[in-house]
Amino acid sequence: MWAEIAISGLKLAVIAGMLLTVVPVMTWVERRGAAFIQDRLGPNRVGPWGLLQPVADAVKLLFKEDVTPAHVSRGLYFLAPAVAVFVAASTFIVIPFAKGEGIQVFGVPLRGLIVAPDLNIGVLYLLALSSISVYGIVLAGWASNNKYSLLGGLRSSAQLISYELAMTLAVLGVLLASGDLRLTTVVEHQAKLWNAVPQFLGFLVFLVAAFAETNRLPFDLAEAENELVAGYHVELSSMKFAAFMMSEYINMTTVSALATTLYLGGWQLPGIAIPDGWLGLVLSFAVFMAKVGFLLWLFVWVRWTLPRFRYDQLMRLGWKGLIPLALLNLLWVSVALAQGWL
Amino acid sequence: MELAIFYLVAAVAVLSALVAVAHRNPVVNVLSLIVTFFCVAVTFAMQGADFLAGAQVLIYAGAILVLFLFVVMLLGAPVVSGEETPRPIQKTLGAFLAAAVAAGAFFLFSSLRETGSNLPAAGNTTRALGRLLVGPHLFAFELVSVVLLAALVGALVLVKRKH
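Respectively, the protein sequence lines represent chains A and B.
With the first sequence counted from 1, adding 14 to any position gets you our numbering.
With the second sequence counted from 1, adding 12 to any position gets you our numbering.
You may find that some hints are simply not true.
Okay, the calculated bits of chain B under chain A, using three or more residues with CB under 8 Å as the criterion [stated by the list, open to error]:
hint, stretch
1, 77-84
2, 152-163
Beta-carbon label-pair distances, calculated as ranges [as the list claims (entries may be wrong)]:
hint, chain 1, residue 1, chain 2, residue 2, range
3, A, S104, B, L145, 41 to 47 Å
4, B, V158, A, L207, 35 to 41 Å
5, B, S157, A, V28, 28 to 34 Å
6, B, R173, A, V28, 37 to 43 Å
These are computed hints drawn from the structure, not numbers from a lab.
By construction, the Cβ of each residue, glycine as well, lies at the ideal position given by its N, Cα and C atoms.
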């Protein structure tokens with residue numbers, strides 16, 4: 015009993031530590047990557063290659079004056095950043111980060127680097143949490159009592175509802191193929207062939223929807239700076255603003271980890287059997303993080319390559335482009351399953 | 013332990029439901045309704061109905077109430093000032109109906125005995141639910157989908173007629 019609780023606590027600590035490390039690393043990658051793509055130098059003064067720049071940024075944000083405008087709706091104004099970070103961080107407990115067969119800690123089997131291995135409804139839990147992640151943004155937009163914020167919040171809620179449909183439909187294909195909502199089963203099902211190969215259409219829809227769900231360019235209409243100043247976080251300052259920054263990067267990491275788990279085989283390498291024991295744990299974790307790292311770089315790469323969509327184009331793409339494609343993918347998977355091809 | 017969690021969740025559910033009805037600010041109404049739905053999801057999960065709990069959060073807290081919030085924010089529903097009641101009978105009728113429903117529910121639940129359920133108490137309820145839905149209850153399932161489709165088309169027709 016106590017050993018199990020201790021193991022869950024350890025896993026939580028490892029994963030939370032990793033999540034909070036990803037945020038500063040990604041801000042550095044984003045700024046240096048943007049500079050690289052735009053043929054500039056980027057931040058290179060603090061530490062070697064500017065590596066300590068995120069630390070300087072965090073210190074600056076912590077010591078900034080926390081201005082609370084007079085006209086805000088107080089409770090919700092403080093609640094909104096907390097909701098954003100909480101939802102972003104709590105999605106992580108169902109993602110299997112690494113293989114853990116044959117490892118015992120305190121005499122209890124580790125059962126993989128996943129906080130909640132017994133949760134039967136892993137994918138449903140993830141979808142449910144991603145569907146309530148919109149509240150952080152909407153509440154920030156409304157509570158700020160500012161027309162730009164409100165417009166940003168409204169845009170974001172409409173966008174998230176639209177793209178969630180396409181995303182869920184794409185994920186349904188994976189669930190059909192693996193026959194279980196548990197993410198460890200989904201990973202094991204891809205031992206021979208990654209889901210991204212037979213369900214390439216679904217993978218594509220999932221990736222595009224993921225950009226929209228995380229409010230990243232080319233879909234960051236909620237904070238379009240040339241029309242809405244900064245959208246839903248105009249009135250937020252200091253660490254409240256930083257909380258939204260953090261939730262954006264944590265969400266990117268979650269979505270990348272989810273895409274890796276659902277479509278790219280999780281912690282597996284094609285054709286190479288990962289051994290049991292501690293070596294396997296480290297190896298599979300490295301494989302998983304390499305895939306997640308590639309997807310995170312894709313987020314940065316696309317952000318500095320594509321211009322922002324117009325709002326009606328965004329809606330048209332979501333409803334008339336992605337949803338039919340996701341349905342087509344679902345149909346293909348059903349037919350393939352019925353014929354025994356998959 | 014479980015009983016303590018249940019009472020805590022139940023208390024929060026009732027309290028947030030009261031706020032959802034009584035508060036004057038429509039946005040706060042919607043938000044406290046979200047809290048109520050979360051509490052209901054927790055009670056589902058405590059019964060071992062994990063799929064229902066997930067679906068509750070996904071559909072009600074995540075999708076439907078986002079739409080509610082969207083409409084409230086978009087239309088800018090006014091904050092209701094306390095004293096104006098356009099139809100006084102509404103209050104009496106509402107109180108009477110609520111009391112009747114509460115009494116009926118109380119008698120029903122107090123006469124309830126433990127019954128054998130079709131679903132496994134613990135473990136994978138998703139598969140069992142799926143088999144029930146497309147097995148014995150296929151007709152009802154399809155009927156509900158047709159009703160929902162009709163509602164969707166009806167809403168479109170109503171919106172288009174205005175222009």
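Structure-based check of each hint:
no.: 1; hint: 77-84; verdict: holds (count 4)
no.: 2; hint: 152-163; verdict: violated (count 0)
no.: 3; hint: A/S104 with B/L145: 41 to 47 Å; verdict: violated, 29 Å
no.: 4; hint: B/V158 with A/L207: 35 to 41 Å; verdict: holds, 38 Å
no.: 5; hint: B/S157 with A/V28: 28 to 34 Å; verdict: violated, 44 Å
no.: 6; hint: B/R173 with A/V28: 37 to 43 Å; verdict: violated, 58 Å
When each numbered hint is compared with the structure, violations occur for hints 2, 3, 5 and 6.
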